[in-house]
Amino acid sequence: MNAALPIIALAVVVALALGLRARGGRDMDMEQWTVGGRGFGTGLVFLLMAGEIYTTFTFLGGSGWAYGKGGPTYYILCYLTLIYVLSYWLLPPIWIYAKARGLFSQPDFFAAKYDSPGLGILVALVGIVALVPYMVLQLKGLGIIVATASYGAISPTLAVWIGAATLTAYVMVSGVRGSAWTAVLKDVMIVAVVVFLGVYLPLHYYGGIGAMFAAIEGAKPGFLALPERGQSAAWFASTTLLTTLGGWMFPHIFASLYTARDPRVFRRNAVFLPLYQLMLLFVFFAGFSAVLQVPGLTGADVDLSLFRIALQTFPPWFVGVIGATGVLTALVPGSMILIAGSTLIAHNLYRPLARGATDASTGRLARLTAPVLALACVGFTLHGGETIVQLLLLGYGIVTQLFPALAASLLPRNPLTRAGAIAGIGVGVGTVAAMAATGSTLASLFPTLPGPVQDINVGAVALALNVAAAWLVSLAGRGARAPATTGSRRVS
Amino acid sequence: MRHLRWLALLPFLGMLGGPFVLNRVEPLVLGMPLLLAWLVACMLATSAIMGVIYLTDPENRDAGGER
Chain A
0 MNAALPIIAL AVVVALALGL RARGGRDMDM EQWTVGGRGF GTGLVFLLMA
50 GEIYTTFTFL GGSGWAYGKG GPTYYILCYL TLIYVLSYWL LPPIWIYAKA
100 RGLFSQPDFF AAKYDSPGLG ILVALVGIVA LVPYMVLQLK GLGIIVATAS
150 YGAISPTLAV WIGAATLTAY VMVSGVRGSA WTAVLKDVMI VAVVVFLGVY
200 LPLHYYGGIG AMFAAIEGAK PGFLALPERG QSAAWFASTT LLTTLGGWMF
250 PHIFASLYTA RDPRVFRRNA VFLPLYQLML LFVFFAGFSA VLQVPGLTGA
300 DVDLSLFRIA LQTFPPWFVG VIGATGVLTA LVPGSMILIA GSTLIAHNLY
350 RPLARGATDA STGRLARLTA PVLALACVGF TLHGGETIVQ LLLLGYGIVT
400 QLFPALAASL LPRNPLTRAG AIAGIGVGVG TVAAMAATGS TLASLFPTLP
450 GPVQDINVGA VALALNVAAA WLVSLAGRGA RAPATTGSRR VS
Chain B
0 MRHLRWLALL PFLGMLGGPF VLNRVEPLVL GMPLLLAWLV ACMLATSAIM
50 GVIYLTDPEN RDAGGER
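Chains as they are written, first to last, in numbering that gives the first Met the number 0: chain A, 0 to 491; chain B, 0 to 66.
Treat each hint with caution, since some may be false.
Chain B side only, calculated, beta carbon under 10 Å to chain A, not exhaustive [unchecked claim]:
#: 1; residue: P10
#: 2; residue: F11
#: 3; residue: M31
#: 4; residue: G50
#: 5; residue: Y53
#: 6; residue: L54
Covered stretches of chain A (in silico footprint by chain B; criterion: 3 or more residues with CB under 8 Å from a CB of chain B, positions within the stretch not fixed) [stated by the list, open to error]:
#: 7; segment: 71–82
#: 8; segment: 261–268
Since the hints were derived computationally from the structure, they do not count as laboratory data.
Where is the CB? At the ideal position from N, CA and C, for every residue including glycine.
The following block holds chain B by itself, in its conformation from the complex (with noise of 0.2 Å):
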């Protein structure tokens, strides 16, 4: 599973080359700015993928757990 690395790239892929498209404040996204409220939903995503990659990481999965 070690290919879910790649994810990671999303969100830099996202907050780099979002603003380049969603340069705009109109329409408001629950109450924000659409650029606003796509970098908070690229922030959102970021911490589910580098979850889905903490958990697939053969590195974390050896017997010790909490030390």
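So that you can see chain A by itself, here it is in the shape it has in the complex (with noise of 0.2 Å):
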């Protein structure tokens, strides 16, 4: 026994009470659980949304990455900057849409504007399919910590379980104002570590930041900038596009825009979400620093080496400290996609093909689909294989998909016909589905293709794909019914 695994076990129970306490004798009924009553304010979806953007993937993840990738990690302080730019424009018209018809997930606002629940099914198993990577790598990170603090005491798989039986009973109790409240805890801890770390670790090992660098830079040369080819500039470019475009995609994100007040709430956080991001630069500082202390991790084994670099450095209660941050940055997003995927599972794909559902009945579906759907999250997660990056990736090559299709609805007049969104998409994720299952890339696909050509980002050929589907389908779907005025209902 050390010190470490008693404060982390704070942390869960901590983070258990305040889940309790959000709850504060609110009836838990669907509007509360899914979208907190539509009555947060600028704080609160400010750390929510920041909660949800800031997970294992980051803290682990982004110091993996600078240790092993090095310059290429920078895209993710681009995308992470640019999806709020995004926002600013892309989320106040969806929340006002969504608020006057009472849409309480991102199925419904797809199933409203294009007027299919067809479409609404699609884009909830969409969804489904691809929150399971993302909750499989907050549940891996979950693993890796508790395991790596405990000292080996705790065995990653039962530290999965625990994690799993944690999240369950945290989110069935609360909904999302227990994911908003720990999301507060959360986000104070993770500043000070990730600024202490990010500081100190260079100071410590290096004498400062620059002195870090230029030893790297030494050591390494063209390490701290993008390489010739493969992740060259010009995947740099295209993998942060594609990741905006993706990044509101998520159904527990899009959802969480749901939980707002009103309108101006986004507006105002996209002025000060991307100075947020700045903390983000820590968790390289501390990733770089890592480089040349604990050589020769590789594979998926660059997600330890926060951790090993920590366990090298610091005492065991530190360690601890480090851990419950890193068990919070898994639970806080690990319950919304939680939220997120039983909502989806009981409102968007029971609801519509149950006849005689009613609110109640479908609330309480949400709640007891939560432990089947975390069940089958630890099963992926204790049997499949892949780094935490290569899921994301994943993640958001399935729901970038979505983007045509949304962002077509919110124009004055939207081009895509209902045949012609679910055409786009359906193409588009079977593209992606089609080259993770061939490890296609670009230059494997085109090898006559002009370097920097051939290092853009695969999921582009989905996107490209996608809209051309979406596009033509609409053009013929148009010109064919061109004579009746109205068009026949068509689903799926």
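Got two chains here, each in a separate frame; can you build the complex from them with the hints?
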């Protein structure tokens, strides 16, 4: 037994207590459970949005990538800034439309905009498929943190089970309000810990940040910039752009925007959230400090770099503090994912298909779905071998395919028809799945293209095919339907 | 003042275009590799630009304020 584990356990207990307290005697109907009664102000929405985006990926994956990849890691900084620029114009019209119709989830929005329950079901399925790798990523992170911080006393497998059980209990009791209040605790801790690590580690090992970068450049020239080929500037720009477009498409992040009290909350947050991303810089500093201090981690093990250097540098109680912070970075997004996922299943799959479903029965089902979904994710976590980054990129690749249909629906005259939207999403997701299954890149698909073009993120191909299919099917549909003014209702 | 919203294109230009021209480690700027320092400068500029857009956007100027 060491000092680290009790500190991590304490963090979990405090998070559970906050979740219980946040419930505050409110009757937990669907409106409260999933969208917090649509009453959150700038502060809470800020924390919820920051909280969902600062996941285990940023904490372990961000430092792990800085350690393993160097320069290409900077893309995280860029897309997390640009999604807020986009949010200024993207989120307010979605919120206004959703509020007027009392929508709960992302598929609700698509179904209402395109007047198609079939499209709603398709979007729900895409959302659930994309959420699973995102959830697995959080559980993997939890496993790494608890196993490392316990100095081996708890196995990663046991840690994943404990984490999933805590998450489920927490979500069933408190809903989205618990997530928001835990996000407060989490963000205070993560800012303090990350800034401390990012300043202290370079200072302790190298004498300063400039000295650290100079030492790394001396030992590995060019590591801190982008390589000529592979993850080059073309890769960087295309990946940043694709993840920016996909950023708001994750069902749990999309749903969090419904919690806002008024649309101005988003515009105000668009000013401050880019500044908040500066915290990532310190995550990178911590990751870079490990490059020359704990060399030799490769493959999926790069995710361990932050903890390896922490173990080597700090006493157990402080490793416990870092571990507790890491656990909270998995709990907040994990709980949001569970809420969004169970809402999707109950509200967008069960409800349209089961006649006679009531608000009460759907709400009950949503809460009962949470443990089932958590169990499924534990299964994938324990049996899949992917690294944190592969999982994240897969999730992003899938959800980005929802962007064209969403963006088109916000235009004054939607250029896409219902069938077009369905075709686009189907083709896009199909392409992503096919390329993930075969491990294709632009270089392997088109070996004759010039180098920089080959480096473009392969997700761009899926998105281009998506837009082309959506547009062509819409054109064909419009042409065929021109004589009839209303057009028949076509579902899927 | 609505045309000021076009300033929002600058962060995209800086972050997506910057790596093509500033993909270098040296010289270190404020201790950071040149590319990283440029991207951090873009982040700070983004916040400032969004602030200007927020303040000049007529959508935010109705009487209500924080409700």
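Comparing the hints with the structure gives:
1. P10: Given a least distance of 5 Å, the restraint on B/P10 holds.
2. F11: 6 Å, holds
3. M31: OK, holds: B/M31 within 10 Å of chain A, min 6 Å.
4. G50: OK, holds: B/G50 within 10 Å of chain A, min 5 Å.
5. Y53: 5 Å, holds
6. L54: With a minimum Cβ separation of about 9 Å from chain A (threshold 10 Å), the hint on B/L54 holds.
7. 71–82: Per the Cβ count (5), the hint holds.
8. 261–268: holds (count 4)
Going through the hint list in order, the structure satisfies each hint without exception.
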